[in-house]
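Enquirer: Which chain is which? The protein sequence lines are A and B, in order. With our numbering applied, the first sequence corresponds to residues 1 to 267, in that order. With our numbering applied, the second sequence corresponds to residues 1 to 125, in that order.
Calculated from the structure, these hints are not laboratory results. A portion of the hints provided could be inaccurate.
Label-pair restraints from in silico Cβ distances [unchecked claim]: (1) Glu29/B - Gly221/A: 47 to 53 Å; (2) Glu29/B - Asp103/A: 56 to 62 Å; (3) Pro15/B - Val55/A: 55 to 61 Å; (4) Arg68/A - Arg75/B: 44 to 50 Å; (5) Ala94/B - Val67/A: 33 to 39 Å; (6) Ala57/A - Ile85/B: 36 to 42 Å; (7) Ala89/B - Asp126/A: 23 to 29 Å.
Every residue gets a Cβ at the ideal spot worked out from N, C-alpha and C, and that includes glycine.
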Amino acid sequence: MNHLLRSHAPISDEGWALIDEEARQRLTPGLAARRLVDFGGPHGWTHSATSLGRVEAVGPVAEGVDVRRRRVLPLVELRAPFAISRDELRDGDRGAADVDLDDLDRAAQRLAEAENAAVFHGAPEDGITGIVPASPHPAIELGADPATYAAAVAHAVDLLKRNGLEGPYGLALSREEWTRVVETSEHGGYPLFEHLALILGGPIVWAPGVRGAVALSLRGGDFLFDAGQDIAIGYEGHDADAVALYLEESFSFRSVTPEAAVAIGSA
Amino acid sequence: MGFDQYHEPPEELGPEARTIARVFASLTEEAEAINWYEQRLAIEQDAEARDVIADARHEEYKHFAMDLELLLRRRPEWRAIAEGILFRAGSITANADAAEAESEDGAAQPDDPGGSLGIGSLRGS
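Bound-form chain A, shown alone:
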């Protein structure tokens, strides 16, 4: 048994299979950062820091002996608790096809949003500098008229190319911007989504937790997500009515080439 303590939970093998599969299905659409940045690991729960390959001088510890301290980026842990009714789990064991896992679904959404927000906007108190705050480029203006969208994205791609950053390029869109893009047709009825895909040469990603839009190079090596424990479900406790569980992961994130991304609109 590991730190997740899953075998302590009053959940059958079939129940765990149902919960794990539901979590995968609910998490995968929203994990936008994992579609756009480099993913390293997972290195396991005991992995606590990412090596930066750098040192900082600490000062002499004794005459003629200098001290240098290795610099590392600590991993952060994200945990999203949820509960499942034990009656619902029993019904699942009986073969019910409509087991109520709504609380798990909400937790999955919260975790995906938190991961995206950390990667794109950062969490300075946790040592994560997000893609947007790290970028040296000023955000590209995006007017209220959807017709200006293609020009803004083209401007972003041009900016990246002028900085020597090869494509393909990807685009992360907030929920609001995603809806705006997919429901817009340009002159002559050509879908804006298709036009943007042609400009970018890479994916356009629905990214809950992201504000505005962010264009970035997908050439690789610029944005590094380092996973310790990849997303897993653990056991917290239970009573007669419900089982308390949680979704958990640990990771660090760093922008190695901050100029390989540019914010668009209100990001």
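With chain A fixed as given, assemble chain B onto it according to the hints.
Expert: Showing chain B alone in chain A's frame:
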């Protein structure tokens, strides 16, 4: 020549089972040899003789490791559990418990003994 590495009648065993039995026998013999050399070194006082015995023990370390590796290659389930225990820091018994649980869950990834959902990277999906 003895054939006592077989627990079952050898004529009823297939070629693969007999090969595995031979390697198991070799593994046992190498472990016994290491044990004998350990005991000899514990009492031998002659420095030149100690060097020779230690050199022989060094060879048995290699033979034991080769036998073990061959067996682990032929038995993936055994290898999966061994990977959770061998060459790891921390409590041996705790690592063994975790490795056993992972083996039973069937959810482990090679580099992630934590029983994750296995989502990983979504680039290109």
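Enquirer: Report the numbers of all earlier hints that the structure fails to satisfy, in ascending order.
Expert: none
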